[in-house]
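**Student:** Listed below are the residues making up each chain.
There are 2 protein chains.
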Amino acid sequence: MIRVLLVHDTSLVRSVLAEWLRRDPGLAVDDTPWRGASSRLRSLCPDVCAADLDCTDGHGVPPLGDLCPPGAGGRPPALVVLAHAYRPGLLRRAAEAGALGFVDKAGSPDRLVRAIRSVASRERFVDASLGFGFLKAAQMPLTRRELSVLSLAAGGASIAEIAGSLHLSHGTVRNYMASITRKTGARNRVDAIRISRGEGWV
Amino acid sequence: MIRVLLVHDTSLVRSVLAEWLRRDPGLAVDDTPWRGASSRLRSLCPDVCAADLDCTDGHGVPPLGDLCPPGAGGRPPALVVLAHAYRPGLLRRAAEAGALGFVDKAGSPDRLVRAIRSVASRERFVDASLGFGFLKAAQMPLTRRELSVLSLAAGGASIAEIAGSLHLSHGTVRNYMASITRKTGARNRVDAIRISRGEGWV
Chain A
1 MIRVLLVHDT SLVRSVLAEW LRRDPGLAVD DTPWRGASSR LRSLCPDVCA
51 ADLDCTDGHG VPPLGDLCPP GAGGRPPALV VLAHAYRPGL LRRAAEAGAL
101 GFVDKAGSPD RLVRAIRSVA SRERFVDASL GFGFLKAAQM PLTRRELSVL
151 SLAAGGASIA EIAGSLHLSH GTVRNYMASI TRKTGARNRV DAIRISRGEG
201 WV
Chain B
1 MIRVLLVHDT SLVRSVLAEW LRRDPGLAVD DTPWRGASSR LRSLCPDVCA
51 ADLDCTDGHG VPPLGDLCPP GAGGRPPALV VLAHAYRPGL LRRAAEAGAL
101 GFVDKAGSPD RLVRAIRSVA SRERFVDASL GFGFLKAAQM PLTRRELSVL
151 SLAAGGASIA EIAGSLHLSH GTVRNYMASI TRKTGARNRV DAIRISRGEG
201 WV
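Chains as they are written, first to last, in the UniProt record's numbering: chain A, 1 to 202; chain B, 1 to 202.
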């Protein structure tokens, strides 16, 4: 029996997906929204954590760090993520968080069951249709510092607020924003934020 | 037997949700992504169309007009939408498109079946938990013209491009943006776009 914790923010979808997984007699399935995932992982110690990368607000970045609770005792759960190929930023974050399985949400739900079985045996599972997304993730042009600037800008912060938060001069922040706009092929700052949000970078 | 067309952009979720609905012997269920919904409605002429308001790109506005194909013959399908209370802009668009049923995605999937049965008898169905969303929708502060300006800005257009598209002067566009920023309680233009996108207005 493989014990699975399903993490998904939309209650209606989560219920239906959990029930669908429970039809497999080899799976014991619990479910939770992202908020609360960390404590559920600690109390349940599942073999596999299957998490949808799309958070409640539709364009946020999920708290993947919560899925690897420190000091959980025993080995941490193997991580499978449900992802879109067009959001390379989230694919990269999941890879950095140690995900072993990557299931394309544009595919069939049967793939999720196969992915759960693979990662439960600590074998990697990657949907081929996510390949282009990984390629884009590998080609990410922004530096970490540029991403920090962009994240704050995307949250609605002004140049002055960004400068204050990151201890930079206004001119340096403006230079970063210009470089971000150029690298993302955007027309302007708002366009750069739109593109980067859509791809899951910030 | 109620014939239902389920419209949802994420293939994996759509499959599981359609299969879940099919367990009800009183429902005959087909499914489609948003793209293609219009032609499927024309060919199938279902009694009910159940559509998820969240489009593929995570923050787009769904083409609700496609769900009422003109000249389809016979009466158009009754529309049920799956919605979030925190996206009042989408609730309002669905109401304007003539939706009869509103199911909260933060609720139980059983509600969807009840909603389908209600609207099939041309009775309204509204989840009480969406109430706050409808209240916000009713209090929408922006004018149609301001929404047009904001939509273009959110798509990455510059002041000059917006002025060109809407046949306005640059100064008028700037005034609209200032008024939008004030009315949405935003800190600046980027913040106004972020807030409005999140709520589903643009």
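The hints are simulated quantities; they were obtained by calculation from the structure and are not laboratory data. All residues carry an ideal CB built from backbone N, CA and C; glycine is no exception. Among the clues, some could well be false.
Stated by the list, open to error - Derived coverage of chain A by chain B (criterion: at least 3 residues anywhere in the stretch with Cβ under 8 Å from a Cβ of chain B; other residues may be distant): (1) 113-122; (2) 128-139; (3) 145-159.
What the hints assert, rightly or not - What follows is a set of in silico ranges between Cβ atoms, one per label pair, in the way DEER data are often shown: (4) A:Arg75 / B:Ala28: 15 to 21 Å; (5) A:Arg145 / B:Glu123: 52 to 58 Å; (6) A:Phe132 / B:Arg75: 27 to 33 Å; (7) A:Asp110 / B:Asp24: 33 to 39 Å; (8) B:Ala160 / A:Ala160: 20 to 26 Å; (9) B:Arg122 / A:Arg145: 45 to 51 Å; (10) B:Ser169 / A:Ser169: 56 to 62 Å; (11) A:Asn175 / B:His170: 23 to 29 Å; (12) A:Asn175 / B:Asp24: 56 to 62 Å; (13) B:Met140 / A:Gly171: 49 to 55 Å.
**Student:** Does each hint fit the structure? Answer for all of them.
**Tutor:** To see whether the hints hold, each was checked on the structure:
By the rule of at least three residues with a Cβ nearer than 8 Å to a Cβ of chain B, the coverage given for the segment 113-122 of chain A is violated, with 0 such residues. With 0 residues carrying a beta carbon less than 8 Å from a beta carbon of chain B, the segment 128-139 of chain A misses the three-residue requirement, and the given coverage is violated. With 6 residues carrying a beta carbon less than 8 Å from a beta carbon of chain B, the segment 145-159 of chain A meets the three-residue requirement, and the given coverage holds. In this structure, arginine 75 (chain A) and alanine 28 (chain B) break the distance hint of 15 to 21 Å, their C-beta atoms being roughly 47 Å apart.
The beta-carbon spacing between arginine 145 (chain A) and glutamate 123 (chain B), approximately 57 Å, falls within the hinted interval of 52 to 58 Å. For phenylalanine 132 (chain A) and arginine 75 (chain B), the Cβ-Cβ distance of about 43 Å falls outside the hinted range of 27 to 33 Å, so the restraint is violated. Aspartate 110 (chain A) and aspartate 24 (chain B) have their C-beta atoms about 22 Å apart, which leaves the hinted 33 to 39 Å range violated. In this structure the supplied range 20 to 26 Å holds for alanine 160 (chain B) paired with alanine 160 (chain A), their Cβ-Cβ distance being about 25 Å.
For arginine 122 (chain B) and arginine 145 (chain A), the hinted distance range of 45 to 51 Å is not satisfied, since their beta carbons lie about 58 Å from each other. Range check, serine 169 (chain B) to serine 169 (chain A): about 34 Å between beta-carbon atoms, so the 56 to 62 Å window is missed. The hint said 23 to 29 Å for the Cβ distance between asparagine 175 (chain A) and histidine 170 (chain B), and at roughly 26 Å that hint holds. Roughly 59 Å separates the CB atoms of asparagine 175 (chain A) and aspartate 24 (chain B), a value that falls within the hinted 56 to 62 Å.
Evaluation of the 49 to 55 Å hint for methionine 140 (chain B) and glycine 171 (chain A) yields a failure: the beta carbon distance comes to about 39 Å.
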